[in-house]
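S.K.: As a plain string of letters, each chain reads:
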Amino acid sequence: MERGLLSAAQVDPVLTREVFGNVSKTSQLIFYLLAAAAVLCFAIGVYRRVRLWQLGAKPAGKSASCKALGRKLGDILFQRRMINRSKINLAHRLLFVGFGILFIGTVLIAIEHVLADLLGREPTDPLFHKGLYFALYEVTLDLFGLAMIVGCCVFMARRWKADSSIDRYPADWVVLWAFLLIGITGYVTEGLRIIQAQTPLPGWSFVGYGIASLFQALDMSQSAATEVHIAAWWFHAVLALAFIAAFPYTRLMHSIAGVLNLMHDAENLGEMQLVTLEELEETGRIGVSAIDHFDRSRLIQLDACVSCGRCEDACPAFEAGKPLSPRTVVQDLRTHLNVVGPGILATTKDAKDPSDGDSVDIHGDTISAETLWSCTTCGACADICPLGVTPLGMITDMRRHLVGEGQLRGAPATSLQKTQRSGNPWGLPANDRFAWAADIEVPTVKDNPEFEYLYWVGCAAAYDRRIQNVARSVVKLLRYADVSFAVLGAEEKCTGESARRMGDEFLFQELAAANIDTFKKYRVRKIVAHCPHCVNSFLQDYPQLGGNYEVIHHSQLLDLLVETGRLPVSTADKQGKVVYHDPCYLARANEVTEAPRRVIAAAHFEKDESRLTELPRNRRHTSCCGGGGGRMWFDDSPGNRSGNGRIDEILNSCAETVAVSCPFCMVMVSDGVAASTSQESVQVRDVAEILVDSIDLDSLPGSSSS
Amino acid sequence: MKILVPAKRVPDTDQKIEVCEDHSGIETGHLPFVVNPFDAIALEEAIRIREDRVDAEIVAVSVGDLEYEEQLRTALAMGADRAIRVDCIESLDPWNTACVLKALVEQESPDLVLMGKQAVDGDCNQTGQFLAAMLDWPQATFASRIKCLEDKLLVDRETDAGIETVELPFPAVITVDLRLNEPRYASLPGIMKAKKKEIAEISMGDLGVQNAEKMHTVSVRSAKTARKRVMVSSSCELAEKLRESLKST
Ligand code: SF4
Ligand code: SF4
Numbered sequence: 001m002e003r004g005l006l007s008a009a010q011v012d013p014v015l016t017r018e019v020f021g022n023v024s025k026t027s028q029l030i031f032y033l034l035a036a037a038a039v040l041c042f043a044i045g046v047y048r049r050v051r052l053w054q055l056g057a058k059p060a061g062k063s064a065s066c067k068a069l070g071r072k073l074g075d076i077l078f079q080r081r082m083i084n085r086s087k088i089n090l091a092h093r094l095l096f097v098g099f100g101i102l103f104i105g106t107v108l109i110a111i112e113h114v115l116a117d118l119l120g121r122e123p124t125d126p127l128f129h130k131g132l133y134f135a136l137y138e139v140t141l142d143l144f145g146l147a148m149i150v151g152c153c154v155f156m157a158r159r160w161k162a163d164s165s166i167d168r169y170p171a172d173w174v175v176l177w178a179f180l181l182i183g184i185t186g187y188v189t190e191g192l193r194i195i196q197a198q199t200p201l202p203g204w205s206f207v208g209y210g211i212a213s214l215f216q217a218l219d220m221s222q223s224a225a226t227e228v229h230i231a232a233w234w235f236h237a238v239l240a241l242a243f244i245a246a247f248p249y250t251r252l253m254h255s256i257a258g259v260l261n262l263m264h265d266a267e268n269l270g271e272m273q274l275v276t277l278e279e280l281e282e283t284g285r286i287g288v289s290a291i292d293h294f295d296r297s298r299l300i301q302l303d304a305c306v307s308c309g310r311c312e313d314a315c316p317a318f319e320a321g322k323p324l325s326p327r328t329v330v331q332d333l334r335t336h337l338n339v340v341g342p343g344i345l346a347t348t349k350d351a352k353d354p355s356d357g358d359s360v361d362i363h364g365d366t367i368s369a370e371t372l373w374s375c376t377t378c379g380a381c382a383d384i385c386p387l388g389v390t391p392l393g394m395i396t397d398m399r400r401h402l403v404g405e406g407q408l409r410g411a412p413a414t415s416l417q418k419t420q421r422s423g424n425p426w427g428l429p430a431n432d433r434f435a436w437a438a439d440i441e442v443p444t445v446k447d448n449p450e451f452e453y454l455y456w457v458g459c460a461a462a463y464d465r466r467i468q469n470v471a472r473s474v475v476k477l478l479r480y481a482d483v484s485f486a487v488l489g490a491e492e493k494c495t496g497e498s499a500r501r502m503g504d505e506f507l508f509q510e511l512a513a514a515n516i517d518t519f520k521k522y523r524v525r526k527i528v529a530h531c532p533h534c535v536n537s538f539l540q541d542y543p544q545l546g547g548n549y550e551v552i553h554h555s556q557l558l559d560l561l562v563e564t565g566r567l568p569v570s571t572a573d574k575q576g577k578v579v580y581h582d583p584c585y586l587a588r589a590n591e592v593t594e595a596p597r598r599v600i601a602a603a604h605f606e607k608d609e610s611r612l613t614e615l616p617r618n619r620r621h622t623s624c625c626g627g628g629g630g631r632m633w634f635d636d637s638p639g640n641r642s643g644n645g646r647i648d649e650i651l652n653s654c655a656e657t658v659a660v661s662c663p664f665c666m667v668m669v670s671d672g673v674a675a676s677t678s679q680e681s682v683q684v685r686d687v688a689e690i691l692v693d694s695i696d697l698d699s700l701p702g703s704s705s706s
Numbered sequence: 707m708k709i710l711v712p713a714k715r716v717p718d719t720d721q722k723i724e725v726c727e728d729h730s731g732i733e734t735g736h737l738p739f740v741v742n743p744f745d746a747i748a749l750e751e752a753i754r755i756r757e758d759r760v761d762a763e764i765v766a767v768s769v770g771d772l773e774y775e776e777q778l779r780t781a782l783a784m785g786a787d788r789a790i791r792v793d794c795i796e797s798l799d800p801w802n803t804a805c806v807l808k809a810l811v812e813q814e815s816p817d818l819v820l821m822g823k824q825a826v827d828g829d830c831n832q833t834g835q836f837l838a839a840m841l842d843w844p845q846a847t848f849a850s851r852i853k854c855l856e857d858k859l860l861v862d863r864e865t866d867a868g869i870e871t872v873e874l875p876f877p878a879v880i881t882v883d884l885r886l887n888e889p890r891y892a893s894l895p896g897i898m899k900a901k902k903k904e905i906a907e908i909s910m911g912d913l914g915v916q917n918a919e920k921m922h923t924v925s926v927r928s929a930k931t932a933r934k935r936v937m938v939s940s941s942c943e944l945a946e947k948l949r950e951s952l953k954s955t
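Just so you know, the protein sequences line up as chains A and B, in that order. FYI, in my numbering the residues of the first sequence are 1 to 706. FYI, in my numbering the residues of the second sequence are 707 to 955.
Bear in mind the hints are in silico, worked out from the structure with no lab data behind them. Warning: the hint list may mix true and false statements.
Unchecked claim - Just some of the chain B residues that point at chain A, by a computed CB distance under 8 Å:
1. Asp720
2. Glu888
3. Tyr891
4. Ser893
5. Gly896
As the list claims (entries may be wrong) - Reference listing, derived: stretches of chain A covered by chain B, where coverage requires no fewer than 3 residues with Cβ under 8 Å from a Cβ of chain B:
6. 394-408
7. 496-508
Unchecked claim - Label pairs and their computed distance ranges (CB to CB):
8. Thr347/A / Cys830/B: 50 to 58 Å
9. Lys934/B / Arg465/A: 13 to 21 Å
10. Arg465/A / Cys830/B: 29 to 37 Å
11. Lys607/A / Met937/B: 32 to 40 Å
12. Asp361/A / Ala906/B: 26 to 34 Å
13. Asp693/A / Ile795/B: 58 to 66 Å
14. Asp696/A / His736/B: 40 to 48 Å
Even for Gly, the Cβ is constructed at its ideal location relative to N, Cα and C.
Work out the full structure, taking the sequences as your base and the hints as a guide.
M.R.: What follows is the structure in structure tokens.
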């Protein structure tokens, strides 16, 4: 071949290429028919999933602000929810953006072709697919095609290696091969087109140009290229159309379900859906016992889950060898939906009344009770899931059913019973609730009706001797700093947080209603509590029942008091390594991570936070102590507790003190350390206890050194 | 098969019990009440028997005033099929309770009466035995395992000497011990759903029984518990203290 490739520019000065060049009119027609069939197949596939989703009731809609929507859109476009696993995240981003750009490019071509046709233009005279636009288009698509291929290869390599963290369906290979072949055949077709059509400045399509050069080096003639081109073009086209047709039947469906799920305003971390008595009376059930009892957003989530296993990696129960993997919960429910869903759809269509459908119990065979009870409701799964799936939400939905049906036994059942009777899970006499303060001066709401902060003591500090010391420390600090505060004394009842997360929704509502009444009686506006579970409940549970307060954790208030100089810490530098264990409900659910660190640093390290030792999993990515979600009340043998991995982490840090800021963590970590066979030992102390030690309390105004 | 389960209303054992100033009884104003824990175990066992034998019907019964309905609701929520309250404003002694139960048994003709070995308020441990004797039915007390076969019952009894296994024909009275099972928790939705189930009310007169007091409460006093508590700072010190106290006895 004598003619250089670039010389083609002299023949035709317009920088473009003919859309459907070398493709006969008949072939074009066949192509469009096939495309229509593919789109139809796609639509049917999506419709079938949508029908299954519609088995679930429409969730109560929350109106999202534009800002929130923008943030979510950003999360999707920049794939911001993918953290950890940096290699695979990069691969996914490449694949995502590569495929996205190629898809948009193809759509633009289609628009060009249809418009040009409508306007009756010659095939060689495109509307906008020319000139600079064309050059940029070519270079961009070639670049992102490469991105797609590279991403795809990383995925293939991982699938090739025995990586146990991912789940495998045979269809996944088909999907990956389809991506790869579409990419490669696209380039080959482009290369052949460059030889065949002799388009000007083919260097813009740099990959295709490379391939063209290669073919030419192999002595391919223009006529040969013309023949091979049409074959390659068809191959590429059919593959791409088959891909579109197959899309909703493979795991690729996650992109549609995932986007829907991420854009929908699901519950925040730490939030739960409210069930009203009216709903209970209407439906005659509470919680979920059959797949169609889940609401629609949960069913969409089943399709969004790609079984990547990130949630499983983050799950403390799984880590401890409990029979719970959040991934498996979601996948098992999905399989179950696929098996029984069509049947339910068929029967409901006949019955015309959705409640008449034949639904199958998911408890037992599909999801076992032990699985559901193993969850600590730490929220790690929901937080880590790139697609915003909330295995936790599904678990608590199903727990509600178990509790409603009286299927909870033993110690945890007793704790609920006791909470119901005595207003605390220990079942200790309600009128002993204020006994902890017998030997110190604590203002009650009656003593100080004009209080600014209500100090919420909580059940643990009221009844557990170890935690009482935390409450005492808080009281000392608040009094020293001259904060106007008061406690409810014996009028406090359990917040109901634990009951709610165990699935006893109405016990929670009963307790919450009683507390809200008490708050109203004493005109409570601001609440400070040393228990993140209580804080979270006041922030996320109580507003659902009409209780809105300004709520802060004691570490935040103490931080403020230190900051403003109202708590003058002695600057004496203390020796010894301190680690801080973030409580799930503070760090993850409510994003309070720095205030407790600042308090410890003030007390120990002359306010230099960098001297605080960090555990491998910290802040938002903390790992649960094992005490949340009612697990505190289960009789686990010490070797068998979720949270043991965390205890090892704490012991391995070789710190002298582990600072906690949650009564549950205090109990679980203390117990875990005591039960550990490790030589290391560590003191477990609340941030308030640590702070109180560095303050000269003898100067407490008007106090006889308590 | 029909199982009758008596369920007594008793004060929650977790609470601090205080004696009235006139020593006539205990202060109940602030006390939450529960189903006698042993009766709850009996009910749980009845439910488990029904889970194996589909044809079983469970009838929970109580002898007391309107407040007893709270406990019967709980029993219904746990799984009893229906409930009967024999209206009675006095607190009956075990003999009279047994008389009422006997009349009920004659009316309902159950195959099995399953009840707690005692109620945690009076701790009498007599009603079941009285009832069996009055009915002249076989009885097994302190059951820690019950096997319900087609035509007979196999019961493990906890005795001081060990576990004794007895065989009983129907109908029979069984009183249950603590280790038989862990009763289920009746949550609020369960209790609400149980509202649809019926609680029948019968008067003592309808049953032809009168309260003929055999036992009379003279006065109630709280037991003086002089517990000596010592805080020790280490396990060594604890061992030392224990050794000393052993030596001194
Ligand atoms: S729920 Fe989310 S994190 Fe868990 S396997 Fe599915 S996609 Fe992955
Ligand atoms: S909430 Fe925590 S314990 Fe429960 S499934 Fe998710 S990660 Fe596991």
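S.K.: If a hint holds in the structure, say so; if it does not, say that too.
M.R.: Hint by hint, here is what the structure shows:
1. Proximity of Asp720/B to chain A holds as hinted, the smallest CB-CB distance being about 4 Å (cut-off 8 Å).
2. At its closest, the beta carbon of Glu888/B sits 4 Å from a beta carbon of chain A; the interface hint therefore holds under the 8 Å criterion.
3. For the restraint placing Tyr891/B at the interface with chain A, the shortest Cβ-Cβ distance is roughly 4 Å, inside the 8 Å limit, so the hint holds.
4. About 5 Å separates the beta-carbon of Ser893/B from the nearest beta-carbon of chain A, less than 8 Å, and the hint is met.
5. For Gly896/B, the interface hint holds, the least distance from its beta-carbon to any beta-carbon of chain A being 5 Å, beneath 8 Å.
6. A count of 6 residues in the segment 394-408 of chain A with a Cβ less than 8 Å from any Cβ of chain B is obtained; the coverage claim is therefore met, three being the minimum.
7. Three residues within the 8 Å Cβ limit are the bar, and the segment 496-508 of chain A against chain B gives 4, so the coverage statement holds.
8. One distance hint, 50 to 58 Å for the beta-carbon pair Thr347/A and Cys830/B, holds here, with the actual separation near 56 Å.
9. Range check, Lys934/B to Arg465/A: Cβ separation about 18 Å, and the 13 to 21 Å hint holds.
10. Taking the beta carbon of each, Arg465/A and Cys830/B are about 36 Å apart, inside 29 to 37 Å as hinted.
11. Between Lys607/A and Met937/B the beta carbon distance is about 37 Å. The supplied range of 32 to 40 Å therefore holds.
12. The beta-carbon spacing between Asp361/A and Ala906/B, approximately 32 Å, falls within the hinted interval of 26 to 34 Å.
13. Separated by about 60 Å at the C-beta atoms, Asp693/A and Ile795/B satisfy the suggested range of 58 to 66 Å.
14. Checked against the given bound of 40 to 48 Å, the beta carbons of Asp696/A and His736/B, roughly 43 Å apart, stay inside it.
This entry satisfies every hint, going by the numbered hints stated previously.
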